[in-house]
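Visitor: Put the two chains together into one complex; each comes in its own frame, and the hints tell you how they fit.
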Amino acid sequence: MKAISVKNLTYSYDEHHIAIDDISFDIMQGSYVSIIGPNGSGKSTLAKLIDGLISSNKGEIKIFDTTLDRKNVNKLRQRIGIVFQNPDNQFISSTVEDDIAFGLENQNVDPALMKDIVLEYAKKVKMSDYLDKEPSNLSGGQKQRVAIAGVLALNRDIIIFDEATSMLDPKGREDIRNLIKQLRKSNPNLTMLSITHDIEEAYLSDYVIILNKGKIVKQGNHDEIFSNLDELKSLGFETPFFATIKEKLQKRGYDLKNINNIEELINKLCQLM
Amino acid sequence: MDSISFGRYVNYDSFIHRLDARNKILLLIALMIMIFMPFSTWSTSLIFSLLYFIILMILMGVSHCSFKSFFKGILSMWFLLLFLIIMFIFIPNPSLSSVPLYTFNESYTIYWDGIYQAAYIFLRLILMMSLTLILTSTTKPLDLTYALEWYMYPLNIINFPSHTIAMMISIALRFIPTILDEAKRIMKAQESRGVDFSRGGLFKKVKAIISLIIPLFVSAFDRSQQLSDAMEARGYDPNSKRSRYRKLKFHLKDLISALIILPIVAFIMYLSIAQNDLDIIYTLFKVEVGF
Chain Y
299 MKAISVKNLT YSYDEHHIAI DDISFDIMQG SYVSIIGPNG SGKSTLAKLI DGLISSNKGE
359 IKIFDTTLDR KNVNKLRQRI GIVFQNPDNQ FISSTVEDDI AFGLENQNVD PALMKDIVLE
419 YAKKVKMSDY LDKEPSNLSG GQKQRVAIAG VLALNRDIII FDEATSMLDP KGREDIRNLI
479 KQLRKSNPNL TMLSITHDIE EAYLSDYVII LNKGKIVKQG NHDEIFSNLD ELKSLGFETP
539 FFATIKEKLQ KRGYDLKNIN NIEELINKLC QLM
Chain V
795 MDSISFGRYV NYDSFIHRLD ARNKILLLIA LMIMIFMPFS TWSTSLIFSL LYFIILMILM
855 GVSHCSFKSF FKGILSMWFL LLFLIIMFIF IPNPSLSSVP LYTFNESYTI YWDGIYQAAY
915 IFLRLILMMS LTLILTSTTK PLDLTYALEW YMYPLNIINF PSHTIAMMIS IALRFIPTIL
975 DEAKRIMKAQ ESRGVDFSRG GLFKKVKAII SLIIPLFVSA FDRSQQLSDA MEARGYDPNS
1035 KRSRYRKLKF HLKDLISALI ILPIVAFIMY LSIAQNDLDI IYTLFKVEVG F
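Residue numbers (our numbering), protein chains in the order written: chain Y, 299 to 571; chain V, 795 to 1085.
So here's chain V without its partners, still in its complex pose (with noise of 0.2 angstroms):
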């Protein structure tokens, strides 16, 4: 329970931190956009990958993101990893069997292509993690709310419920880590009655979560009831007009870090669209790595 602290909010004041809450979004889905742009070569494409990844740790150590907590989530993916080996490397797939690396016994074999597109995909989902770390990050939950309610504001002509979307991401958000203490006690409490979380089979596992689940899905529901009593009796309609006490606001920093960042994801889509089989080791290096 203690590693659930994965993308939260870091409270200091870096330059990220005090970026825009909808810039950083519009910034977050342009990088995204940007490292799902296929190369046809794959050392072009893990190339660029890796150039990412090193401009991403620069920006995570710059806006202090846990870099523990960031391992720590790759680590918990590693049955994607797994997924992917035998996917790309021990399932022979036609379209990845040009270079071969290993044959056993002359009926086998194992190709470059796939161990560099399994490479090339967990790669970009660390990508996407860290991105999405460096976001929720360094902006406050409600900033990251108000954001995703300006961005969805336009929907309110067709009577899309915005607001009410909004409000129920930001009291997720609040309540996330309410919740998790109280995941916390339930287990104290269930293991000093004798319930062992951590070791037994599936069956003893799954019979000790259910002792977690049930009052734990009780007390949220009663918590939920509460909440809402003390939202009315502060006067809370989702109906109807309401002020905002924190302003979201769009500075100059804003606009340079668009103009830096947009431009780039531009460039590289060019690239990627334009110029798809392009090996860049052969036109800086002038050197054929055959793949």
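Bound-form chain Y, shown alone (with noise of 0.2 angstroms):
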């Protein structure tokens, strides 16, 4: 089933930017989709547009086969959850609790319910030992740790991560890779989809769009993004660590079909010699 549909969108903030230009592309639920792309490429204008944050000026954006509109942007925003960029502009309240209670106090959810939740979903992203927290207590991963919680706790079907390891550090990031990796072996019903910059985190999707003004460069599977290393530089990227390592290896004749991500090439590596 298509989590999200995106057909023809076009969006513009004013008549000579063009932010998003006619761009297409499919989701299905359960996928973990990397949308990357320069600063000023329409990344997090997409974002915005698939939350209904904004409203698109052309196209249409589908969420579980329902066309979103103005009359219905509140309820299928209930199925959509999405994690800023900068950790702080999204702590509302004042301690870790609070803040991951905050959406499901807008939810109306039965507060009796709520203290387990809010554990439930510390717990998961680990930051249970600091509930009584104040925001200025916390790493910046660590709020960004309790922005996923608060989301989770809604229990949406879409997860968007807006560049939110882009204002982390090396620790921070790491962090979140490797939370989202567990989100996918927990849940493989969630939809994720990462906008990035991180090419090591789009490595991680099944399905990379990579966006240059505005408008779709290429998209393709895992294997089709990361197969042509050259053809990633040539549109301005860095390539992922693993794949550049693996790729030296092949072309100095190591038969690393079967080798897909670092434990086993190090394994290999150790077999071979």
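It is worth saying that the hints were derived from the structure and are not from the lab.
Keep in mind that a hint or two might mislead.
The calculated DSS-like cross-link candidates involving lysine-lysine, where the alpha carbons are at most 27 angstroms apart (straight line), are [to be verified]:
(1) Y/Lys431 / V/Lys862
(2) Y/Lys422 / V/Lys1041
(3) V/Lys934 / Y/Lys413
(4) Y/Lys479 / Y/Lys566
Guide: Written as structure tokens, this is what we have:
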């Protein structure tokens, strides 16, 4: 089933600045899709369009086969959660537990159930020891984990990560990547859309859409995108560490066809040495 | 910028911390009324004010309020003290001219009444400050907001947006430290470009502050847009029904504290209204102090 279907979508902030230019793509339920592109390519605008925070000028967005419009935006938004770039600007309440509960309060969830839900999702993102902490006592990565817990607690079908790791240090990024991996394992029906600059994050996804100046310049599944690193470089992207090493070793004659991650690569190299 | 710690919540588990925020607001208002109840004799007014001061200092100690930030706050009011001294001591006022203290060249006299009036007003301001400090240092901003919303709730019948106002206060309180951090960052960035915030004349200082204010405003507006997107994305709608994660609870200790404080306030009000000319020093010690 298609979780998100975008057809001929166009959006412009003004007459001279077309942010999204006639793009179409489908995202299947349970998949993990990355949208990558340079600054100003329209990635974040696309996230806001999908979540109904802004309305398109032309084209159509379908969320689980229902066309998104002004009338049903609040209803459809209950299926989508979004984690924004700046961890500080999405921390609405004064403490971790209050912030996780914010969305639940908006959904009018029974207060008697909230405490357990908050604790469950705080545990999921490893923030259960920080429930009474204020945002000023947390690192960027911890605040971003709280934002993710807030979205997960709402039991959304789709989660959009809008450059959710771009303001984090390497440790914070690694934490969020591991959390995404863990979420994929624990909830196979959850659809995740990652809008990112981070090629390592995009490398984890099943499908990649490359945007430039509001247009899709390439889209394809993981292998289609990452099997041709020269093309990726020509589009102005860094290449993922693992894919680069694998390609270089393959060029030197090593058979690494069935090697899919760094651990398998290390094992293979140890066997060969 | 570091001095702006006055009134920040102090995470401690004191008796006052455990009181219901609504009760604390009620008692704060009652105590403020008590502080402002006047007596016609200066000695009585001052003795009562000093008594309140001692009690409030004890309460501040019990609730682990920061005395450092409190005294810093008082020091920052030096201009007000100066204004009071000029107003009540050096400007001749016929209503404050009964007991002379010192006469210059037989033409200009300073009166005890002026000194007492200035001291009394300043002392009352200090008392108000300490009361507010006790409230904000012992109450989480969110609980304070919920309590304010609870008090504003009856106004909903005239379509007063009590929830929206409470949410605005809550967000403002939440973002004070974030905006202060941002201001510090901008100041450091501007200092690294040669802006001097600490030295120079008035014109130079105004110019330096503009270099802080403009980026700070731009960033605050940007933040507010992102925050509103984040709130909307998490389903916030001020007009729809919301449940509440935290519930304020009125406990027995709230009742006891109210039953102790409110009668005292009522008694002081009675004394102030019915026995306004009470001279506490004469009543207790049979000594005439003369003012």
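Visitor: Can you confirm whether the C-alpha distance between Y/Lys431 and V/Lys862 stays at or below 27 angstroms?
Guide: 24 angstroms, holds
Visitor: Between V/Lys934 and Y/Lys413, does the CA-CA distance stay at or below 27 angstroms?
Guide: Holds, at about 18 angstroms.
Visitor: When you check the alpha-carbon spacing of Y/Lys479 and Y/Lys566, does it fall within 27 angstroms?
Guide: Within the cut-off at roughly 23 angstroms; holds.
Visitor: Going straight from one Cα to the other, do Y/Lys422 and V/Lys1041 come out at no more than 27 angstroms?
Guide: Holds, at roughly 25 angstroms.
The structure agrees with every numbered hint stated previously.
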